[in-house]
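Number of protein chains: 2
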Amino acid sequence: MITTPSLSDLLGVRHARVRDGLTADHLDALVVTHLPNVRYLSGFAGSAAIVVLDRHELVLITDGRYLTEVQETIAGICPAFRLVKVDPAYDATLIRVLKQGGYERVGFEGAHLPFNRYQTLSVALAEGPDGAHSRLVPTERLVEAVRLRKDEIERAALRQAGRLLDDAAVAILAALKPGQRERDIAADIDWRLKMGGFERTAFDTIVASGPNSALPHARPGKRVLRTGDLVVLDFGGVYDGYCVDLTRTACVGEPSSEVRRLYQAVRDAHAAALAAVRPGATASTVDAAARQTLVAYGLGEAFSHATGHGLGLEVHEEPRVGPARADVPGVPPAARDEPLIDGIVITVEPGAYVPGLGGVRIEDDVLVTGDGAELLTHVPLELLVVEHNER
Amino acid sequence: MITTPSLSDLLGVRHARVRDGLTADHLDALVVTHLPNVRYLSGFAGSAAIVVLDRHELVLITDGRYLTEVQETIAGICPAFRLVKVDPAYDATLIRVLKQGGYERVGFEGAHLPFNRYQTLSVALAEGPDGAHSRLVPTERLVEAVRLRKDEIERAALRQAGRLLDDAAVAILAALKPGQRERDIAADIDWRLKMGGFERTAFDTIVASGPNSALPHARPGKRVLRTGDLVVLDFGGVYDGYCVDLTRTACVGEPSSEVRRLYQAVRDAHAAALAAVRPGATASTVDAAARQTLVAYGLGEAFSHATGHGLGLEVHEEPRVGPARADVPGVPPAARDEPLIDGIVITVEPGAYVPGLGGVRIEDDVLVTGDGAELLTHVPLELLVVEHNER
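So the protein lines, in turn, are chains A and B.
Using the numbering used here, the letters of the first sequence map in sequence onto residues 1269 to 1659.
Using the numbering used here, the letters of the second sequence map in sequence onto residues 1269 to 1659.
Since the hints were made in silico from the structure, they are not lab data.
There may be inaccurate statements among the hints.
[Claimed, not checked] According to the in silico footprint, chain A covers these stretches of chain B (three or more CB under 8 Å from chain A):
1. 1411–1418
2. 1441–1455
3. 1458–1470
4. 1480–1488
[To be verified] Sample of chain B residues with no beta-carbon within 10 Å of chain A, all distances over it, derived:
5. D1277
6. Q1428
7. R1529
8. S1572
[Unchecked claim] Quick partial rundown of chain B residues pointing at chain A, CB under 7 Å, derived from the structure:
9. R1333
10. P1406
11. Y1565
Virtual Cβ for every residue (Gly too), placed ideally from N, Cα, C.
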């Protein structure tokens, strides 16, 4: 019999792993201000809170709006949990908690905490009672490094999110008609995602038709779909906090041979990248599989973005699935190219964008497993041809 | 004949006002990383860019996705404009631009720039060529202080956004029926906002029914509307970059006398607050007008949030319309209570939340004018009674 660990157990495991990072950095506590990290460590799903994780407990600081909810849910689940109500403001409360803790070295999330808040905290902590004082130490990726490998509850949420996205995508693609405006299609997609069980869309939906399809990040506008258009549809939803993301490309009316070739190139690149996803492979080898396929089609220049990105509590998280690159100032370590491990979830979304012809992108979500990969999304990969009944 | 200033003219005025702030702080240039501020100064509406504003020109740093769009639009409008392409990464490019500028004192947005980016920039700028070096100086509210007073183009966008929201709200309220789930109503609201001309929703729509209506920040769930429910609907849209925000409360079936009294109290508070909006009044007097009304009804404790907030390129911006409060560590200066001026746009949204009975909130958007206030939203204020055809 397989027993599934509870959220309480898994929160304990997450805390233990972050505490390993505290030990390695000789820290007594970590201040967590980045909300997805707050949620990961505590289960808190609201819009404002700070976590202080020390060697013994997790303190959640939040305001009056969330107290009842936290007491009724998280307080009974999160190990070694203590709730502190904001009074009179977040950072003032945080300072009080840190002073009471009597910590010497307090880590904070250097990639997230704004400079001014750092300075306010730093000054306040330097003047401790009885001459005691804490030192603030910037940390990097202490929680993100643990989040990389999704645990059982996260995998279950992502699998269910993938199933919901499949169902929504099939309905969305079936509803596509010439004569619609891009923004009306986008509104329809967002409605279907929410009616389909997602708590929100994961990002601003892209519907890019005709010449707009050649722009990878076009915003949906007033352009009306017409015969000959390629239409790139990129959308995603958030289920139980976890993000999934899918792209399919349609053609209005019968595709030309150039369009068929462009589509086949991207479909081959998508297949090659998926085949490269396995534990031990680096993210850059997944990117290279897609890129080399497109280069062989003479479309290397037309593939102007990375092959994918991590998915989880954020729609863009580690790892970056792109070409390996040398260290440059200003590129955060998230961009480093490390081997994929069991439990990482990424998108695979090669594309090719040809001015004058249009663009194609095909995107699925995939979980790295112990011996390969598990697709989270399953929507037909053939080029969808939308009938044109225009007169 | 009244001539309307062009966007180009107004961008020039915005730059001049921010340059006054540079002069006052003895800065040679300002690095703008907060995207709403980037948009305000340049018109750039994409998802990634940095502005460097010095005494003579505005440099926009952005990546390959946006180059064509910027060259075709902003480059011809923004005064003294220079476009720099990201290569190989944002902050590396920023460092190059700052070194080329040969600035001594470079301001940055301390409330927004994360500590790690500050540190990377700071180290890189300390090692200038030929012994030259720049000093990074934290600034506060240099752009936000200018954004407070909306100019003519911004007022026009906000007025149009208000009209679109009126039309959407009337349709949304007319569509309300018992038997619907909160989340389905929310999906319907979002669809109507987008079909009604908004580029996106301004925030996650709130539909809070029955006991949930007593929680000011409830998230829409699976609860089905039923007879006797109060239903708080809070939604908004973004038009041409500008945010508007509206709340109305409905009752399913005939309201009880307690519900009628609760509604009347909030409606009176809303009217009192609106009557208090005029140039020279402080935001805290607007809040006090609402709060005293609710206190007189014995509902002081039931009004657990501020009366409103500023609206513009962000859905929550300056000023905060709440009780005056003493300086506390960790409360940013945005919380200071300054007199309202011509051109400020705020929400007025008192509410009362009574466990066991339910909640009521009424919200409109208002522009402070030279001699009073101009409502941007006009939706009937009567308690909407939704017929119950349940069997």
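Status of the hints after comparison with the structure:
{"no.": "1", "hint": "1411–1418", "verdict": "violated (count 0)"}
{"no.": "2", "hint": "1441–1455", "verdict": "holds (count 4)"}
{"no.": "3", "hint": "1458–1470", "verdict": "holds (count 6)"}
{"no.": "4", "hint": "1480–1488", "verdict": "holds (count 4)"}
{"no.": "5", "hint": "D1277", "verdict": "holds (26 Å)"}
{"no.": "6", "hint": "Q1428", "verdict": "holds (16 Å)"}
{"no.": "7", "hint": "R1529", "verdict": "holds (24 Å)"}
{"no.": "8", "hint": "S1572", "verdict": "violated (6 Å)"}
{"no.": "9", "hint": "R1333", "verdict": "holds (5 Å)"}
{"no.": "10", "hint": "P1406", "verdict": "holds (6 Å)"}
{"no.": "11", "hint": "Y1565", "verdict": "violated (21 Å)"}
In summary, the structure is inconsistent with hints 1, 8 and 11 from the numbered list given earlier, while agreeing with the others.
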